[in-house]
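Could you put together the complete structure from these sequences and hints?
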Amino acid sequence: MTQYGVALFHTTSAVMRAEKLLIKGGYVIKLIPTPRQFSSDCGIALRFDWNHCEQVKSELDEAKVEFDSIKFLDTKPI
Amino acid sequence: MIYLDNAATSWPKPPQVLKAMTDVLERAGGNPGRSGHRLSIAAARVIYDTREEIARFFGVTNPLRVIFTGNATHAINLALRGILKPGDHVVTSSMEHNAVMRPLRNLEKQGVRLSIVPCAADGSFDPGDLAGAVNSTTRLVVMTHASNVVGTLLPVAEIASVTHQAGALLLVDAAQAAGALPINIPEMGIDLLAFTGHKELLGPPGVGGLVIADNVDASQIKPLIRGGTGSRSESEEQPDDLPDKFESGTANLAGIAGLGAGLKWITDRGISEIRGHMKKLSQTLIDGLSALPMVKVYGTLNPERSVAIVSFTVTGKRVSEIGLRLDEEHSLLSRVGLHCAPAAHKTIGTFPEGTVRLAPGVFTTGRDIQEATQAISKVARS
Chain F
1 MTQYGVALFH TTSAVMRAEK LLIKGGYVIK LIPTPRQFSS DCGIALRFDW NHCEQVKSEL
61 DEAKVEFDSI KFLDTKPI
Chain S
79 MIYLDNAATS WPKPPQVLKA MTDVLERAGG NPGRSGHRLS IAAARVIYDT REEIARFFGV
139 TNPLRVIFTG NATHAINLAL RGILKPGDHV VTSSMEHNAV MRPLRNLEKQ GVRLSIVPCA
199 ADGSFDPGDL AGAVNSTTRL VVMTHASNVV GTLLPVAEIA SVTHQAGALL LVDAAQAAGA
259 LPINIPEMGI DLLAFTGHKE LLGPPGVGGL VIADNVDASQ IKPLIRGGTG SRSESEEQPD
319 DLPDKFESGT ANLAGIAGLG AGLKWITDRG ISEIRGHMKK LSQTLIDGLS ALPMVKVYGT
379 LNPERSVAIV SFTVTGKRVS EIGLRLDEEH SLLSRVGLHC APAAHKTIGT FPEGTVRLAP
439 GVFTTGRDIQ EATQAISKVA RS
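Read top to bottom, the protein sequences are chains F and S. Quick note: the first sequence, position 66, residue 66 per this note's numbering, numbers continuous. With positions in the second sequence counted from 1, the corresponding number in this note's numbering is that position plus 78.
To be clear, the hints were calculated from the coordinates, so they are not data collected in a lab. Honestly, I wouldn't trust all of these hints.
[Unchecked claim] Restricting the straight-line Cα-Cα distance to at most 30 Å, the calculated cross-link-like pairs of lysine-lysine (DSS-like) are:
#1 S:Lys300 with F:Lys64
#2 F:Lys64 with F:Lys30
#3 F:Lys24 with S:Lys300
#4 F:Lys24 with S:Lys456
#5 F:Lys64 with S:Lys342
#6 S:Lys97 with F:Lys30
#7 S:Lys97 with F:Lys20
Here it is, written out as structure tokens:
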């Protein structure tokens, strides 16, 4: 089963930038409602394959897309 | 019908604009960035794409510096009220629209010091006069790029240079210029650019924006309104992030989609080609009207130095009567009066009667201009 990470952002516009950037870079990503356990900064978060965590982070850093943090998405029930 | 009121709002719009507006409501009708479901995300994408296109169109690198507003007036108010404090000095020209003049007069009552640099009777502006008006307390210079009464272009790059020497910021009102001619924010030295979507950018009414240059510190601008942004929802304080700091409340999704389509139509056709077409129409119109007895044409009479806006009067006739007769007898639609710019009409010597204003658009043809000139000739003679 794929393990996911999520990138959290402060604004929707930043999510949009990140989405475009990562799709262009060939990553398989999905925009999802921000998991409540993390942050309420922005309603949308970017989900990616946890195996690509470092690459995703460096892509965002290089393109100067501001993001709040990157988290491992734990899907265990609360 | 010949529509020569494109300076008030462009008409018709390209069919792609109408289609983009209905499409976005059908397939992406969520609240952009609020909810995280597919329709909300689709709406956010449309808005972000348009933000990017606008940034590219005006030569700005960071699309988050494109702030959507309801129109140019809203954008101008945001910049003026966001920056100026009591005691600050602000300089403007005598050709301004009330979108600039009214907020400035109101700020003047609150202690902002205002200087108005006079323009020549053809609307032209000498940057040397600005050098004499700015001082070390000047915070902002605000100028129209193109007069909405006579179309005269102000020398923005030279104005920017004088403004920056004084350590002030330059706000440009590009309501009539955006979409009519190329505007490059960094090359021209513009700090803040206010535009509207519904004129030469061919979008619908109800959408415009303020573009903040990449090198301008946005923290010096206060928001005009505060409220929900879909971001940092845990906080009851307005966020500082761009563009959210200035964009509270649900955005005009259909309007922004329409504006994006208008912008695409312009870039596909080419802004230089559009400018060439408009200059040709303008020259034909100026030549035709100038040849008519009893008709006086205002402005530079030079399409190189203006956008396609031509104002005229007829000796012995009220402009309102001319406008009505052109509409009723010749199906020619113009705009008469003061065009919300009393200062400009005082400058060109047509206050308080005003002028008849003709503003061709991208869909206006040479034949339209010939027929319009014939119609004006008939109305002027009888």
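Taking the hints in turn, this is what the structure says about them:
{"no.": "1", "hint": "S:Lys300 with F:Lys64", "result": "holds (24 Å)"}
{"no.": "2", "hint": "F:Lys64 with F:Lys30", "result": "holds (20 Å)"}
{"no.": "3", "hint": "F:Lys24 with S:Lys300", "result": "violated (35 Å)"}
{"no.": "4", "hint": "F:Lys24 with S:Lys456", "result": "violated (61 Å)"}
{"no.": "5", "hint": "F:Lys64 with S:Lys342", "result": "holds (27 Å)"}
{"no.": "6", "hint": "S:Lys97 with F:Lys30", "result": "holds (28 Å)"}
{"no.": "7", "hint": "S:Lys97 with F:Lys20", "result": "holds (24 Å)"}
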